[in-house]
Amino acid sequence: MRLLFILGEIGSGLRRNLSMVISVVLVTFVSLTFVGAAGMLQMQINQMKGYWYDKVQVAVFLCNDGSTAVGCASGPATQEQQDNLEAMLESPAVKQYINDFQFESQAEAYTHFKEQFSNSPIVDSVSEDQLPASFRINMKNPEKYQIISETFSSQPGVETVSDQRQVLERIFSWMNGASVAAMGVAAVMIFCAVLLITTTIRLSAFSRRRETGIMRLVGASKTVIQLPFILEGVIAAVVGALLASTTLWLMAHFWLNGDLSKQFLNTPFISSTQVLVIAPVLIALGAGLAGISSLLTLRRYLKV
Amino acid sequence: MSCPAGFKRAMIRFENVTKVYEQNARPALDSVSLEINRGEFTFLVGASGSGKSTFLRLILKEDKASSGSVYVAGQNVANISSWRVPKLRRGIGVVFQDFRLLPQKNVFANVAFAMQVIGKSRSIIRETVPEVLKTVGLEGKERRMPHELSGGEQQRVAIARAVVNRPGILLADEPTGNLDPITSMGIMGVLDKINQNGTTVVMATHDDDIVNEMRRRVVELKNGKVIRDEAKALYTSMIPVVGESRRLRDASGEELDRAQGAQL
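Each protein sequence line maps, in turn, to chains A and B.
Note that numbering that gives the first Met the number 0 has the first sequence beginning at 0, numbered continuously upward.
Note that numbering that gives the first Met the number 0 has the second sequence beginning at 0, numbered continuously upward.
Bound-form chain A, shown alone (with noise of 0.2 Å):
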């Protein structure tokens, strides 16, 4: 009998409310929208990590015919000079840096990079003695770069030792700036939620002081007076929380799953159904928020 009085409150506070309802449903929806957007630039980010830290770290690059690095003088890297590098990742000094290394001729560098760059007609005016060979090394520690590094920038037959992590790298915090970017946005948003629902909260007990004040004389307990104007605001807010879900599990279904991964094929994108581990915590931060906000404006505003 209570629980169905208080949905039928709830349903009136609903219906007398309606324009601010759908405000707070609105901005619930494009703050979290923000956050949900956020985490999953940090999904992607962390997927690339995974996905890239595993394959490329450092790339110790030979010489070939166009280099004009100091250690290129004697032109390109001979066989002897190739050997004498395996050599050293073999040595103790440099091994226990590193997890495995492999050796990457021209031929096979021509081969990655006709895959990579398959749609581009970059390909047709590249030529396999252009590419150097390279030493493909996974570090144990990539942030130990600087060691192997040093070890062979100086060695002869070594145009360059490259940390490809430091490309991703870039990469990786042009994303982290977007996120915190969508975070400052997502923050903004909440306080403006926040205020929206304190303000709906208010009116919604103004325009029902009345019957609170009826539910108070007779021995209403606290509860049932306050229950159903804190879950007006939680339902407004999840439903928010639903509807920002909903976008980005579209967003990750058809735009990363759909067209960027059409165009970026070698890119790891997170999955939509990644994308649904956003959803209960936008939800539960929905909710928290609304609830919290309107149980303080309740203990300004509403006398029980």
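Derived from the structure by calculation, the hints contain no laboratory data.
Worth double-checking, as some hints may not be accurate.
[Unchecked claim] The calculated DSBU-like cross-link candidates involving lysine-lysine, where the alpha carbons are at most 30 Å apart (straight line), are:
| # | chain 1 | residue 1 | chain 2 | residue 2 |
| --- | --- | --- | --- | --- |
| 1 | A | K221 | B | K231 |
| 2 | B | K119 | A | K221 |
| 3 | B | K104 | A | K221 |
| 4 | A | K302 | B | K231 |
| 5 | A | K302 | B | K119 |
| 6 | B | K60 | A | K302 |
| 7 | B | K192 | B | K119 |
| 8 | A | K221 | B | K60 |
| 9 | B | K63 | B | K86 |
| 10 | B | K86 | A | K302 |
Following the hints, position chain B against chain A.
This is chain B only, laid out in the frame that chain A set:
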């Protein structure tokens, strides 16, 4: 228990109660000591600002006494924790001058509201509400909306709502203030009937005709002090009695003992 004599009989008991709303201002109630027994009908009279409403608010624990103690049904209201205040209020019905009905609910729903919010079952509500409406003389008007009723009928609805949960105490704050004399007498009939059923009634009023007609106990307040407390009295006393009076346990004592079993 170190209860003073008569502790259990007193439904409402004020012990040296002072209420100060603003520092340096005259207290709204000034060390008032008073006992109202179970089943008694008491008029609270006095000019506006004499402390009548404060007296009622203290019983409801709407306000806290600045000093002294207020006992309701033997319990010091200062010791009732905030989450148990609703329980205290379930034992007290309240009626106001302005009725305070819910305009979008019909008569039945207005009365039922008081039962719904404290979680009474639908079947009990369907059974009880028509009974109470009959007591206040509103049979057959269950489906009317408040705006379709006269002032007197609206006040009857308000009374029905106040007593539908069978409180031990009914507080009425100028319940006839908006009504004409004949309608007022009708309302008094209803209140009297409720009192006959064992409910303690405290009514604050300015209506001298009613007080003179009813001949019940009259407590007169002036500037927050009790200046008269007479049984079966008139609105204005021929011989003003100044100061505290404790002539409470008069001939009606027998009836009070009978009503003692009634639950708050």
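State the violated hints by number, sorted upward, taking the hints as numbered earlier in the document.
1 and 4
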